[in-house]
Amino acid sequence: MKKNLLQFLFVLLLLGSNAYAQSKTVTGTVTGKDDGAPLPGVSVTIAGSKAGTVTKADGTYSINMPAGQNSLTFSYIGYLTTTKVISGVKLNVVLETNQKALNEVLVVGYGTQTKRESVGSISQVKGSDIAQQPVQNFEQALAGKAAGVQITIPNGVLNTPPVFHIRGTNSISLSSQPLIVVDGVVSYSGDFSGGESGGNALSNINPDDIETIDILKDASATAIYGSRGANGVVVITTKKGKKGTSVVSVDSWMGMTKVIRLPKVLDAYQYVALKNEALVNAGTYNPASAFTLVDKDANGNDINTDWTKVVYRTGSSYNTNVSVSGGNDKTSYYASGNYTKQQGVIKKNDFVSKSMLFNVDHKANKYVTYGAKLSYADQMNLAATSSGSLSGEAYATAGLGRIATLLPPNLPIYLNDGSYNSTTAGIGIVNNKGYSISYPNPQVALDLDRANNEINHTAANVYLVINPLPWITLKSQYGLDYIFTTNDSFANPVNNATAGATDNYAQNKRWDWVNTAQFDKTFGKHSLSLLLGNEQQRSTVYGFGLARTVLSDPAFNQIQAGFTTNGTSGLSNSEDYLVSFFGRLNYNFDQKYFISATVRKDGFSGFGASQKYGYFPGVGLGWELAKEKIWTTIGADKIFSSFKLKGSYGKTGNNNVGAFPGLSFYSNGVFNTIPTLGPSSNGNANLAWETSKKYDAGFDFGLFNDRITGSLGWYKNDVTGLLFNVPTAPSAGLASSPLVNIGSLYNKGYEFNLDAEVIKSGSFRWTANFNIAYNENRITSLPGGQQITYSTSSLEITNINRVGGAVGDLYIIKSAGIDPANGRRIFLNAAGTKVEYTFLGTQHWFNMDGTNYTPTNGTVGINQNSDASDYGNSVPKWIGGFSSSFHYKGFDLSTTLTFQAGFKLYYGTAASLTDQRFWNNTTDILDHWTTPGQVAAFPRVVFGDNVSNGTSFPTDFNTYSGNFLKVKTLNIGYTIPKSILNKAKISNLRFYVTGYNLFIFTHYPGSDPEVGSNGTSNSSQGVDRNTAANGRTFTAGLSIKF
Amino acid sequence: MKKKYLYMIGIGLLSVSACQKDKLFPASQTSVVADDNFLPFTTPARITAQVEGLYSNMRSGNLFGGRYQVYNDVKAENWINSTANSVTAYQTWTETVSNTSSEVLSLWSQAYYVINNANLFIDGMTAKGNTVVSAALAKNYVAEAKFARAICYYTLVEMYCKPYGPDGGASAGVPMRLTGNNLYGNYDLAPATVAKVYDQILADLNAAETDLPLTYTDAATNTTRAHRNTAIALKTRVYLSMQKYAETITEANKIVSAAAPFTATTGVAFALQASPLTPFRTYTTTESIFSEPYLATETGGSQSALGPYFNGTGSAEFYLNVTNGIYANAAFKATDLRKTLLTISVTKSAVTKFYTNKFPITTYTDWQPVMRYSEVLLNLAEARVRSTNTLDPQAIALLNAVHGRSDVGTVYTAASFTGVADMISTLLTERNIEFLGEGLRWNDLWRLNLPIPAKAAVPVINPTDGPYIWPMSGNEQQYNKLIGR
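For the record, the sequence lines run as chains A and B.
Per the working numbering, the first sequence runs over residues 1 to 1042.
Per the working numbering, the second sequence runs over residues 10001 to 10485.
Some hints could be false.
[Claimed, not checked] Calculated lysine-lysine pairs in the DSSO-like style (CA-CA distance at most 27 angstroms, straight line):
1. B/K10021 x A/K612
2. B/K10021 x A/K601
3. A/K525 x A/K601
4. A/K612 x B/K10023
5. B/K10023 x A/K509
6. B/K10023 x A/K433
7. A/K612 x A/K126
8. A/K627 x A/K638
Since the hints were derived computationally from the structure, they do not count as laboratory data.
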């Protein structure tokens, strides 16, 4: 109150002096040096006083200069502060950007730090680097942006969470995805859709609202997150208001997405020729009862259906962001709204999102600051039916990705009477004879079905900061993260024996309360910062739903319509609670020697009764060599503007174990309307977190006055106490495999990152980033020394974890081509001996001399348990990216290239595409064996054969190197010159076009080597089994600021 | 000004503590914790529910909820596959299953899951449950658990082991587990011999016969839960599989009256229904000894219920083999009620296919039969002929009881047969007709060590051929180091 009075008096005084003293009004424009654009919101203060103003949207300012004052100070975030002496009444100022990249502020756990002071391994990605892209969530845009960060988008279905690994796969059974902290609150992450489109929890964050993404990698940065830090931590900070007149930004784009690299399948004529040949070879061809033919449609034309056209489309997309930000000395605000509607390459797969964000910060007085954030997103993740691409769906009979290329082209979509060519048993085979098809006609589901998801995501927080003394900061923040998700699906009565609707709803609620006290003090050259804190986080899930079948009236399809049978769906009820106490001490001497020590004590409800609490310490050291005298003496300072050695060690954990894994349960069921009770899960009372010991060493450097900055680092994560749902002999009959802390692995590797302002001459600028990381992943022990195999969609064993291998190595049977003598596929058994297969007859497996092949272990023929071997890692060893940005006058061009290398992909889809049942094949099959002596790529075709092509088990002839280089984004823009815009009171107007997922350089034959049938699972990566194809997107847009 | 905020934060901090310890030990709101306190055994209702749970797990689609019967039928010659789908028994039909085929893995693990639940139940009753329910009830319940254990072991022997006959059960059987497992541990265990497994099956069934109730209060329970006569009926199947015909007769005589009309005279009064259709439309008659119940709120699986496999509903996985299957057998007359009432033809695109009509409900609510009284009658008939090596008059009467109700007017007499072998052949044919789609065909071939006849492009499989019996579960091979097979 007293202060307000003083201010009032001061203003009066100013007014007074204006009347009597020789004051003058100074005006001018502030522009940025790089692009000459006017800078709004620049703080203009009279040197030596507190009086001042800020520049308007057009960069102009006007200020009263009292007599006796003759200089003005201009300051603006990201620019060097300048003080100018005034001679007249007009002063135009050009501000230079702050070149010192090392002064950038990094957001770390429960605080901030300058890059210069940090001893941790932290990569920062600016929001502007990932904005304006046709993505559904920011994670998808992170690929190639930071060293050691792997982003793999597993399929072309919209809004699926990508595989997000920081420094390799750090768990086997638990999530290996990083902890995501948004504005200080741990956010839900992962897929929350129960429909057939993805439902990434993090898509509530509009990439255009992101200020920075800080990726914390080593122990000194992550140990403060204790039992949740093992997979790294991603700290997202949304935009806040800046002081100055309000800035309104509008960014809008529209575009289209087209499917890429579809396999080329046989047309009806080729199909009929091939399958009849296969029927003849099988000895079952019969011109009356077993044959295929090219039939006529209602107009008398040959039926030649391109099923890919039934499934895929050219999608269109639209996106608009509007934001307003501004503020004054006391209050700043940022508000934004986003509407996006994106269509995927698969028909009916849409993403429609409306989101809002409001950030407000208010400095009440010298001691008290408070603020709030409120964000809300309503997202529709829409799809008609399964794409066969989401985790667990690889063999879905209705999976669109597969049936688009599997269905025979000689079958019509509609019968000649106009009705669907469909029965409840599958698509009809019209006048073909001798077989039937259980796969459905996709047109029916695309027309009539739905498998939608809606997510309502609220993320909010309020905070209060008190500074009782300038060096003490007390902060309390209470945050919420609520996801309410609704799934709504309908299965039509045309091609389903039982039409039904299933809807369910789940509330995922989390609150998070953090209280911290921070003490910052500098004594001479000693700089000290101490943080103490307490955090509590509680999450609950509460879900329920209906599964209703036998539709009463086919005119309706909503869950509320009439059905005769009612069941339940999506029942869930669980909770967890985390309580923590933590501290961090940062000390540096003369900005030369740095030490950072953290410790956290975590208690988590999910763990066994005896293992509730754990301690997680971390320590980091840094040494800025460029500040040493010797550095100058040897002249290194001429090149290196900074050179900091650093290293860290610490312990973090992984607590993604769910609600009650420590306990065994009996659950209720029902048997002929009578309640039942029986074992449902087996727990482990000694269950504790997985522990990750992280070692990190490296150096950061700046060259030529920090025009080039970079870092080179080595790391090793030793993960022990790996949790496994340890499989026991099935004859033990356990209800579930209990989680046991057993097994260990490590990730070790190198990271290199380089940022450079390559050219900066007048109107031409070129900035670039290059990063590359190498990671070696090794399993060092497994339960009982066993190897553990993993299947794709529970049907095909595709991956293996074994000691000495990497997590999720492919588990493949080798082969040796086609026998030219008889056209049989030659496989290799475990000993490397050649064994031939023929589908015909009773004896299928033969030695090369024609005798029967009988394995010594009593199994039959070549089989995976006996003969498969570890075929190498499915997770890339090398990952990286190259981003480049050019500016010339009004033009700008930026690209992001990403690459992954050193891994194998099992292209199981190829087995489907060469299967000799009624399935259609790729044109590759035309090179199949027909006559003795012929050297062919594919074996003799025999109708019904699903072994020779690799459907029965994964084979090397369907496995490829996954290496790729992708032109992920290319963005070309033109900014209209100021001279024109100023008349329209527009401060900035830019038009741009963007290409996304533009080109792929790879030997991989599938649609996209960035692929995975098993979602974000750790141990079954590198499998492409019937995944729908991906798309390429072009957009055009404009952004306006005024 | 400053004080106001300090008060605010102070009150806020006081009102909620920095650690809410009770939340670190949350209780499940939906499930019973199983630990040393034996909470699942603390109330009579929980104990009863556990017994029901054993049946519920036997009803699993991977076991008697359909797939067990499916594999038994399609492994033999009566069906032609139409979907070539390895998820729905295609490889069993083509006799090409491997140790990792889904049917080989799933049936194995489901049977052992039930066995372990039965073991846990028996252990828990000893530790706690016997003091919670009456002694009589406790005895009944444990007997039901033993029945469940026995039928599951029999299932395993039948699918994964060589028949008892040729070597008297000396060949390798399956691991025999008789105590409950609920903790992580080493479960390596060598398989017992087939003979030892049979010993255990019979020990359990004998105990069950002694301790099971004679009847329940309602017909549905009599059909879906084991009572004394259920255990006896199953023993006739077990002994017949062991080719122990005298014992088969002894057991069967307990529940088959000496002369027609054949019925069980004590306990649940098993009897044939007048029409062969009745047990497939009215599920709880005294003919249905043991069945898996389904209803609108508890439907069978679209890929496990018998309807979509054999009745042409849903994905219509298989249709009848009209070339050399039983449908084409002259003994299966066109006028036989089992043909007129219990098979159907469906014509699509001018192609007519034949299916059974035992499981017609498209929403998979047909009850799935596991054992019917006609089997006991035919078991007895066959055992009598084989053990007496004569055209036994009671055997002929039993055959007439089953055959005559469907093929009205045909009456077998001793003169109908050229000899004992001919009568046995007739009995086997009768079984093949009577139990089409009910999962007994492979059982008959296997117990007698007979070749599996050819069908379509699938050739004859002789008992000496590798694919004759299923291979060991690949998961068992991987995680049980002592399995040795």
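Checked hints:
1. The straight-line distance between the Cα atoms of B/K10021 and A/K612 is roughly 10 angstroms, inside the 27 angstroms bound, and the hint therefore holds.
2. The straight-line distance between the Cα atoms of B/K10021 and A/K601 is roughly 14 angstroms, inside the 27 angstroms bound, and the hint therefore holds.
3. A C-alpha spacing of about 32 angstroms is found between A/K525 and A/K601, which places the hinted pair above 27 angstroms, so the restraint is violated.
4. Distance restraint check for A/K612 and B/K10023: the Cα-Cα separation of roughly 11 angstroms lies within the 27 angstroms cut-off, and the hinted pair is therefore satisfied.
5. Proposed proximity of B/K10023 and A/K509 is supported: the alpha carbons are some 15 angstroms apart, at most 27 angstroms.
6. The hinted pair formed by B/K10023 and A/K433 fails the criterion: a straight-line CA distance of about 65 angstroms is larger than 27 angstroms.
7. Straight-line distance between C-alpha atoms of A/K612 and A/K126 comes to about 38 angstroms, which puts the hinted pair past the 27 angstroms bound.
8. Under the criterion of a C-alpha separation no larger than 27 angstroms, the hint pairing A/K627 with A/K638 is consistent with the structure, at around 13 angstroms.
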